[in-house]
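Asker: What follows is each chain in one-letter form.
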Amino acid sequence: MANPLHREKLHHSFPGRAKQIDQILSFMGKPTAPTPPALFINGNSSLGKTSVVKAILSTVLGDTSPSHYAFLDCIECHTPRLIFEHAIYQFRHPPSVRWRYPADLHSQQQADQIMDGYAHAQHTAEADQSGSGSSRSSSNEDGSSPSQDPQMSDGSGRKDIDTGTTLVKNGEGRRKRKWIQDEIITSGPPTWDKCENINEFVEWCRRICADGNDGQGHASIHAKGSAYSEEQRQRKGQHDTRYLVLDRAERLRDNAPTLIPVLMRLQELTGRNICVIFITSIVWEKFRSKNGGYEPIIMNFPQYSKGETIAILERDLPEGQDKELYMRFVDLVYNVFQRNCKDLNEIRHLVALLFPLYIKPIKEGKIQKHEGLKLHRHIQAYFVEAMDKLYLREISSTEWVDRTLLTSSGSFKSKHGGTLGESLIARSSSEAAKDERALMNAVDIQNTFDLPYFTKFILIASFLASYNPPRLDLRYFAKVSNQGGKMSKRSKVAAAKKHGHEQLGTKLRQQLLGPKTFPIERMLAIFYSILDEEVEENVNVHTQIASLVSLRLLQRVTPMDKLDSIKCKCNVSYDTIKAIAKSIKFDIDRYLYDFA
Amino acid sequence: MDEFDSLTEAVFLVMPRAEAVVNRIKRKGKRGSLLTGGDHFKFDGFQQLTDVNEPWEATEIRHALFNKEWSLISSRIENVMLSMNTMVLSAIYDFVEKAYTQKMTRTVMPIQELPTGLIFAGINIPDHDLLFQQLAQILAAPTSPMIDTELSLDIPMETTQKNVNNKVVILQSKDCINLKAALKSMIQQFLGLNMDGAINSLESGLKLQNHDMFVLEQWYRSLCTPQEEKVANQQRQPTLVVIIQDFESFDQDTLQDLVTICSNYQDRIPFVFLMGLATSIDALHQGLPKSVLSLMQTRKFQMQQSSECLTAIIEDLFMHGNVSVMIGPLPMKQLIDQFMHYNFSVSGFVANLKYIVMHHFYANPLSILCDRALSSQSRALELLEVGHYDHIRMLPSFQRYVESKVEVDPQEGEMLLLDNEFLKLQIPDMVRDLQEYHRNFALVFEFLWFLQARFTIAILKKSKRALYFMALEGTLTDSTSISFLLNLVRKMNSNEMMIFIEDCLQFFKKSSRCRPKASVEEGNIMDKELLILQNIRDRMVELLGDISDDSVTSSSDVEDGDQEMKEGDDTEQNEEATQMKDSDRWALANGGTSKRVLNRQETAGAPIFIKKRKLVSVKANVAEGRQTRIAKKTRETVRIPKGALGTYTVLVTEVVDLFERLFKTYLSHHSIMPLHEVFYYSQIKIQQKAFLPQPRVSIQTALGQPELYLNCKCCQVPSNTAAFISPAEMVLSTQHDTCILYKLYVECGRMINMYDWFTAFGMILERGTQSDNQQDRSMSNGDESNTLAHKRSKKRGKVSMAAKSKSLKEQNLDQKEVQARFISGVAELQFMGFIKPTNRKTDHVQRLTWGNI
Ligand SMILES: Nc1ncnc2c1ncn2[C@@H]1O[C@H](COP(=O)(O)OP(=O)(O)OP(=O)(O)O)[C@@H](O)[C@H]1O
Ligand SMILES: [Mg+2]
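Protein chains in written order, with my numbering: chain A, 31 to 626; chain B, 75 to 927.
Worth flagging that the hints you see were computed from the coordinates, not collected in a lab. Incorrect hints may appear among the rest.
[To be verified] Covered stretches of chain A (chain B as the covering partner; in silico rule of three or more C-beta atoms under 8 angstroms from a C-beta of chain B): (1) 65 to 71; (2) 554 to 561; (3) 575 to 581.
[As the list claims (entries may be wrong)] Calculated Cβ distances over 12 angstroms to all of chain B for the following chain A residues: (4) T62; (5) T94; (6) R281; (7) T288; (8) L502; (9) Q541; (10) T588; (11) T606; (12) A611.
Built from N, CA and C at the ideal position, the CB exists for glycine as well.
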């Protein structure tokens, strides 16, 4: 079918996806041509699945019959009901009227109406007249612009409100009474249709496909008989294929597992020309239900090659920049990062943030455009930083921009070995803290946090309990050793240490295995043992444990409803605990067994 | 009391009946008060203090004073908290404002990122409620908080272009257990903002589900439409701000989806996220996967550290003496310790403080005098009873005061002790003196801080809180901090000295305490001190003016920024000044021990925290280098005008002496002030009980020594028992079953044999019945033993209730009853966590607690 113009346009806007676009277009065929019931598109993230499908549908159908497809995101539509209702809504209302909901939701007017039944009835009667009147007049006047909502052209805002709300109500009332004969697609203000289960949905689909003619139907009670909609009816085919697109369909498996097989055979169930397109990042095998079912047509979006990637990146060329220079830079970035980062979006992100830095010396006149090697060397330092921080989003794009604008390239310490973070520490601590910029920068490096004094000990005790084997607790923490006499902490620790060193480096070290769970009682015993001062047991210790859990520094492994023998895990890295221990002058290394 | 005989309820709240209260009042109140019963609660439980025969009106005054005081304190605290964070809050406000208007960074990015502010708000999550509510209010307001507070005067109204109100919602993890709930909460809050309470019209009108983003989108569109019609379309559309209050507690999957959805909607609805992080950025990276992180454009905001907030609060309330009730050293320590050791909770601190203030007014009859505005006309003075005067005379501070009075004016001393009317007249003066003391203290303390801030030597530098605490303890005036500072002053060179004195003058003039215009007669002591200082300044100006007239000066760099080494000034300063300085040093060195050297040793060799060591050693090096230079210079300074030198030294000494005297007199301990007990709260026991509860200790006491709680006669330890058995170890059959079991339990090992336990328990009960019977026989008084049995049965609950009659009649206890009581007791112990069932040994339970706290 494909209109060659459309095809051309799509090919142009998605370099490297020509084959897939052609496939999908031929899959769709002519508007009325029956399609296979389901298409399954998969591929890794940011390979253009969503944008390609969306672009195809909106180019091919957008102008002529925009309500012939519904595009749903399964994260947003997380229940079957949401899927149904959103789909129906999109099928029934072309995008131009979707938001033409004149009912002023926040008007006091409406609240009053709801409160006062009598007034409401009166309003309805009034509005009915005015509503139909206005719509008639508007369809006469504004016939040339069909998407214009009749209600909006009405004069005063207040009247708008009245007519709008009551129209909806009125429409609903009627529809309830004559459910069967009711019209499917309205041209009046959009209505929302309730659809709770799959049966209703199938029913809706049947009626949408049978009677539907693109959303400008003859249907609305008020617009009935308008010359305009008659026209529409004749112009539009009734049996065009409808497309239901489900993006991020992998979510369906959790949210509505039973729905998948039904949607696969929606065409069969409705007996109408309807096609479901699944877009997902996982393979079909993971969708397939055990007892078999319909197999969709599967289509894979492959990874882009280097040439394709660069062609896509070329489209991002910032305005007014030298194309040759930009392409050289893109090539460089691709070569540097491609091994670590296949994600197209990430590369685009990096390019967008690094390019201004690349051309900065040129702008400043320090380096000439053609001195590729010099430029390369100049940008190299930033690459390291970007790899470290930017890619991992330790620095967000705004912070990056702020920072690179702030520091002239010369003072960028990363060149000379020190990391960006360090240079910032030095800077922000030396500068006056009053300066707001400095304040923000100081935050940039915020990686630690302060805890109350005893809470730090609790956390340390938990760390020890998580990484030390319980059998050695006596060695490390007992107040009295088994020789009877009091052993000094030092010698006790030394003894334990010796024991530890023998086995250091074993493969099954707890350090490598991650934290073990421990009972709270054991942790508390360690806590009281490592504290120098005598602390009476009190409630605060326990509330602090709870607060550590809610801070996710401790992880509670027993379920919340179990109050007895609670077990936890320490969820803190060695570096963090080390910093904490240092802040209270506690030498944690001496208590850690088999740790390096 | 049959109404309390319930199978299901264990505890009843019994409100005092109206008539009873009235009766009591009538009986006790001398003035035949007209109060009715409900008034018991009108005063929040404030009661007449009978030991001083307090009239009702005095109670009322105490109650009113408490309310006044507390509302003052809490409003001050609120202000402090708000002002602490103004800067960050306005930064956040800007961030939200600019998130969608500032295109600079946004257009660059190929993928639109969701603007996300990360707010590091400290680890105390319960405190965040207030903070985020404030934040929400500020963000919803049309103007920035900064503009509100400071700039409103400078900036004309038209420049602060009227913005659209942003919409703000706060999501808390407890409302967002899953995606549906989170969306629902968000949508409902957004819509609720716009129309008070009538959200449902939407659902009923459209039959939409309340967790459908469609609702929000529609609402948002309707929100924008009318405005575009009215105003020119330059008008910015409102931004929707979603505050995730407690990021760490959120279900991470929910949050992930929420962010993804909102980021999808970004082109239609301008969302800004603000996430409250209690720990560090790591939480964000741990909680959200890369794919979601890359949707967000984060910016970090650090809220004020809560320990700094605490200092600011203490400073505002107590150091500046803005409130009447002051906190003595012990409770203060306890307050601060609890904060620093356990929770960093400002709201906890506030609660604690409230408790203190309440207790102060609740139990102390003299607290009716705890009023800053107390004057001789005050009603409170009229209400003083004999008891009050006695109380006053028992105050140690008052006794000391009288003693000092006796030495000067024996007659007055006697009057103070004997004549109530005379004492009454004196009270307002004493209170005024105390207020005066506080005001002077505040100023001089501030001055001390100012002085310390001037010298940036790291060691010996104390935090404001620490200094204040020393003052409360009374160790500040003799502390090394002050003498060290004064030494530093002494070692300034003349130029610095001039600047310094000028600054000091400015400092005093700026403070509201010193109004230079006001006449001295007003009796403001600080004014006098100021005059003295001014005088010194004038003389010094004169002197130095003379000298500089003598020789040509060409100084340019007076300040070299290196303030920390005042004594070792270096660089090429103006010659004249150098001469002065060095000569002055000579004078010092001649005058006595070479304090400078001593000082330097202190600087270099004093025990120093590891952190600071590096810094100091660097300084020491510098100092050495300077010494040689100084030595060189001293050789040059031969031509000192001897006369001027002497005068100058005198002046410096005068300055230092003045400061020393200031500190000595005005920072002295509050205990020298008579009646200070009325204003200073100094108990800690009751506060500890309430805020450092020790449940295990209480339970163990209750089980070990139930008589302490029950206060019953039957469990009194017989007087003939040997002294070496403590009451806790006595097992009495009259005690509660659980107590008996507990006492037996304490003697057991790791595994407790149930049968042995049961037998022991039975035996003790047996013993009880025997002795009961003996008593029966010996007394032959039915009533007596009846009450006894009744009492016991009440304690033992229903089981023994039923058995009451039996135990009287039958010699032997019913084995079934014993068993039932045993089982219920054991169940209770298990419930309290003393034992737990085990599979290791049949018929045994495991003992869980050790050691009797
Ligand atoms: N071939 C292409 N040409 C131009 N732009 C592309 C191409 N492929 C992807 N993009 C761009 O990359 C971005 C991400 O694409 P898109 O969201 O469609 O990926 P996706 O496959 O749906 O990813 P996900 O699995 O994460 O949903 C879009 O902005 C899109 O415009
Ligand atoms: Mg996608």
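Asker: Run every hint past the structure and note whether it holds.
Answerer: Quick rundown of the hints versus the structure:
1. 65 to 71: Check failed, 0 qualifying residues.
2. 554 to 561: violated (count 0)
3. 575 to 581: holds (count 3)
4. T62: For T62 (chain A), whose nearest Cβ neighbour in chain B is about 30 angstroms away, the distance exceeds 12 angstroms, so it holds.
5. T94: Holds, because the least Cβ-Cβ distance between T94 (chain A) and chain B comes to about 24 angstroms, which exceeds 12 angstroms.
6. R281: violated, 9 angstroms
7. T288: The assertion about T288 (chain A) holds, with a minimum of 18 angstroms to chain B.
8. L502: holds, 21 angstroms
9. Q541: holds, 19 angstroms
10. T588: Correct as stated: the minimum Cβ-Cβ distance to chain B is 15 angstroms, above 12 angstroms.
11. T606: violated, 8 angstroms
12. A611: holds, 14 angstroms
Consistency with the previously given hints fails for numbers 1, 2, 6 and 11, ordered from lowest to highest.
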